[in-house]
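Let the sequences and hints guide you as you build the complete structure.
One letter stands for each residue in the lines below.
2 protein chains.
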Amino acid sequence: MLPTRLQNIRTQIRHGEWTGTTGSLAPGYEQANIVILPENLADDFEEYCHRNPRPCPLLARGSVGDPFLPCLGDDLDIRSDVPRYRIFLHKKITIETTDISKYWQKDFVTFVLGCSLSFEAALMNENIPLRHYGNHTTCAAYVTSIPTEPVGPFKGALVVSMRGIKEKYIEKTVEITERYPLSHGGPIHIGAPEEIGISNLNDHIDGIGINYWEQDEIPMFWACGVTSQIALKNANPDIYIIHAPGHMLITDRQAYKNENS
Amino acid sequence: MLPTRLQNIRTQIRHGEWTGTTGSLAPGYEQANIVILPENLADDFEEYCHRNPRPCPLLARGSVGDPFLPCLGDDLDIRSDVPRYRIFLHKKITIETTDISKYWQKDFVTFVLGCSLSFEAALMNENIPLRHYGNHTTCAAYVTSIPTEPVGPFKGALVVSMRGIKEKYIEKTVEITERYPLSHGGPIHIGAPEEIGISNLNDHIDGIGINYWEQDEIPMFWACGVTSQIALKNANPDIYIIHAPGHMLITDRQAYKNENS
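Protein chains in written order, with this note's numbering: chain A, 3 to 263; chain B, 3 to 263.
Worth flagging that the hints you see were computed from the coordinates, not collected in a lab. Since the model is a prediction, treat every value here as computed from it, not as a measurement. There could be a bad hint or two in this list.
Since copy identity is lost for identical chains, a pair holds within one copy or between any two.
Derived DSS-like pairs (lysine-lysine); straight-line CA-CA distance at most 30 Å [said to hold, decoys possible]: (1) K174 / K94; (2) K168 / K94; (3) K104 / K168; (4) K235 / K93; (5) K94 / K104; (6) K174 / K108; (7) K170 / K235; (8) K104 / K174; (9) K108 / K235; (10) K168 / K108; (11) K170 / K104; (12) K108 / K170; (13) K170 / K93.
And the structure:
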């Protein structure tokens with residue numbers, strides 16, 4: 003039995019009653035990126051995740067044509083349980099929708115990748131302030147100059163998420179996030195955005211989160227699941243489906259035990 | 003609240019009342035390899051896992067000196083919650099014990115790695131026969147001729163687990179195990195042991211499981227967490243602690259939903 007609160011959120015998402023972002027929803031439960039693509043690309047994509055485990059920590063792979071993910075949730079149905087999807091069709095059309103049932107194909111394979119939203123509840127619980135937390139928004143994400151390891155048609159730059167943290171909290175923030183390798187683990191860079199190819203913190207990826215950084219904070223960067231979306235764009239399959247930015251899958255798994263959840 | 007059955011098993015393990023192997027115990031719950039080593043080696047070991055994600059899928063990293071793993075279990079204490087440990091001291095002494103509290107050091111870092119025992123419940127539930135399953139033993143493991151990617155002092159051969167599967171079940175077995183990338187995922191080889199450097203199926207690693215293969219079965223091989231133990235032996239730290247073979251950590255996480263558990 004799931005806690006009523008998580009069950010309520012899932013039911014709302016399933017019925018299209020919650021179509022917003024999931025940041026700070028269901029604190030403690032593992033949130034995840036989703037990628038759905040045709041079987042002929044699945045093995046290459048899995049290997050891309052394996053070769054790039056910091057941005058693409060693989061939590062589960064669905065069976066061909068099977069929309070259920072029993073290892074992440076008893077009744078999870080990937081066709082309806084993400085609040086908002088993006089479907090990329092015929093290399094040019096993008097559809098945004100809250101249910102993909104009518105687009106489901108019998109050759110689809112689902113991949114579920116960890117997400118840094120999962121460790122934010124742990125940071126908040128240990129009194130590390132995150133200014134974006136609590137209003138269901140996500141922090142900013144940036145394309146870096148660091149390449150990922152290519153596999154087949156999948157390749158591209160590493161994407162990072164950024165959180166502005168006061169100097170006195172940096173050590174603790176590293177320590178807490180390191181505990182969550184399935185949520186990208188510890189930061190990949192601290193302090194000097196230009197060293198990883200980010201010349202201006204306002205040049206974040208459009209449509210993904212908000213730049214909350216302030217002058218008295220140090221920018222900290224974590225590998226980000228959006229990396230997989232760049233790799234998908236480069237592979238450019240005839241059809242693939244991802245979650246809309248910030249609209250993650252909420253799983254039954256507890257990434258962090260929160261007594262209040 | 004944990005199901006009573008899992009709570010009972012944990013309590014028995016914690017108090018030294020269950021000191022045996024964990025195969026087929028608590029079906030559906032994620033079982034895991036553990037590695038505990040001094041902080042000065044922790045970052046290299048984490049990177050070794052990241053570079054070799056099939057044998058070493060990293061589930062969690064503990065904070066320095068902290069024996070608790072809240073992301074894997076509310077009350078998990080790594081000092082007592084594994085049924086049997088092996089402690090390697092001063093590069094020559096090996097101690098086997100059921101509780102490591104008196105050996106705990108304030109510079110210890112715990113790593114938890116996925117394990118193929120987690121997907122065996124799923125195979126059994128879909129009527130794939132595993133002859134070793136049900137009597138708390140594990141299947142055989144082998145050192146292959148495939149090298150892992152080295153990081154710092156960590157290096158060595160890939161170790162695999164082997165299950166004999168009848169030909170008619172092979173496709174289904176691949177499909178099911180592919181769903182569990184955190185439990186080593188799909189097989190890395192099927193059918194010809196000599197192609198991965200195994201000349202005789204009776205030459206399995208001593209003390210880890212039993213060779214249950216029969217003539218009418220195809221040997222299937224999966225990447226195995228014992229790979230990390232070879233890498234540790236090669237790194238040869240002054241002190242490190244692992245679980246005794248087959249005596250895994252049972253986490254609160256459900257790797258597979260089993261209605262009977």
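The hints, checked one at a time:
Taking the closest pair of Cα atoms, K174 and K94 never come within 30 Å of each other, the shortest separation being 44 Å inside a single copy and 36 Å across copies. Taking identical chains as interchangeable, the C-alpha atoms of K168 and K94 are never at most 30 Å apart, the minima being 43 Å within one chain and 45 Å between chains. Taking the shortest Cα distances, K104 and K168 never come within 30 Å of each other, neither inside one copy (47 Å) nor across copies (37 Å). Taking the shortest Cα distances, K235 and K93 sit within 30 Å of each other inside one copy (9 Å), while across copies they are farther apart (50 Å).
Taking CA atoms no more than 30 Å apart as the test, K94 paired with K104 passes inside one copy only; the shortest distance there is 19 Å, against 63 Å between copies. Proximity of K174 and K108 under a CA criterion of 30 Å is satisfied inter-copy only: 17 Å between copies versus 46 Å inside one chain copy. Taking the closest pair of Cα atoms, K170 and K235 never come within 30 Å of each other, the shortest separation being 39 Å inside a single copy and 38 Å across copies. With identical chains, the CA atoms of K104 and K174 are at most 30 Å apart between copies only, with a shortest distance of 27 Å across copies and 46 Å within one.
In this assembly of identical chains, the alpha carbons of K108 and K235 lie at most 30 Å apart only when taken from the same copy (22 Å versus 46 Å across copies). In this assembly of identical chains, K168 and K108 lie within 30 Å of each other by CA distance solely across copies; the values are 27 Å between and 49 Å within a copy. Within a single copy, K170 and K104 get their C-alpha atoms no closer than 51 Å, and across copies no closer than 33 Å, so neither meets the 30 Å cut-off. For the identical chains of this complex, K108 and K170 are inter-copy neighbours only, at 22 Å across copies versus 52 Å inside a copy, given an alpha-carbon limit of 30 Å.
For the identical chains of this complex, K170 and K93 are neighbours neither inside a copy (47 Å) nor across copies (39 Å), given an alpha-carbon limit of 30 Å.
Taken one by one, the earlier hints fail for this structure at numbers 1, 2, 3, 7, 11, 13, listed in ascending order.
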